[in-house]
Amino acid sequence: MKFQRLGESEYRFMQLIWEHAPVNSGELVKLAKEELGWKKSTTYTVIKHLSEKGYIKNENAIVQ
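Residue numbering for the sequence shown follows the numbering used here, starting at 1 and increasing by one per position.
Don't take each hint at face value.
What the hints assert, rightly or not - DMTMM-like mimics (lysine to aspartate or glutamate), calculated; alpha carbons at most 25 angstroms apart, straight line:
1) 30 / 59
2) 40 / 52
3) 48 / 8
4) 40 / 19
5) 33 / 19
6) 30 / 19
7) 48 / 59
Please keep in mind that the hints were generated in silico from the structure rather than gathered at the bench.
Let the hints inform the model, and build the full structure from the sequences given.
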């Protein structure tokens with residue numbers, strides 16, 4: 001699998017995931033709001049993109 005380069009905001013988000021994984025997506029929304037100032041919709045969009053790129057797994061609302 002060929003990985004694409006992460007943008008700065010995606011990398012910062014990945015750091016949150018690495019620190020807290022496995023983490024419930026709802027909890028990740030709270031963390032992203034506190035640490036990155038993101039809205040709920042932004043967080044879920046980035047979760048979807050990173051999952052599609054193969055960087056993370058999102059199964060049953062658990063991100064790892």
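Hints and how they fare:
This hinted pair checks out: residue 30 and residue 59 have alpha carbons roughly 18 angstroms apart, not beyond 25 angstroms. Between residue 40 and residue 52 the alpha-carbon distance is near 19 angstroms, which keeps this suggested pair within the 25 angstroms criterion. Taking the CA atoms of residue 48 and residue 8, the gap is near 17 angstroms; set against the 25 angstroms cutoff, the hint holds. Under the criterion of a C-alpha separation no larger than 25 angstroms, the hint pairing residue 40 with residue 19 is consistent with the structure, at around 19 angstroms.
Restraint check: the Cα-Cα separation between residue 33 and residue 19 comes to about 16 angstroms, which is no more than 25 angstroms; the hinted pair holds. Restraint check: the Cα-Cα separation between residue 30 and residue 19 comes to about 14 angstroms, which is no more than 25 angstroms; the hinted pair holds. Our distance criterion of 25 angstroms between C-alpha atoms is met by residue 48 and residue 59, whose separation comes to about 11 angstroms.
When held up to the earlier numbered hints, the structure conflicts with none and fits them all.
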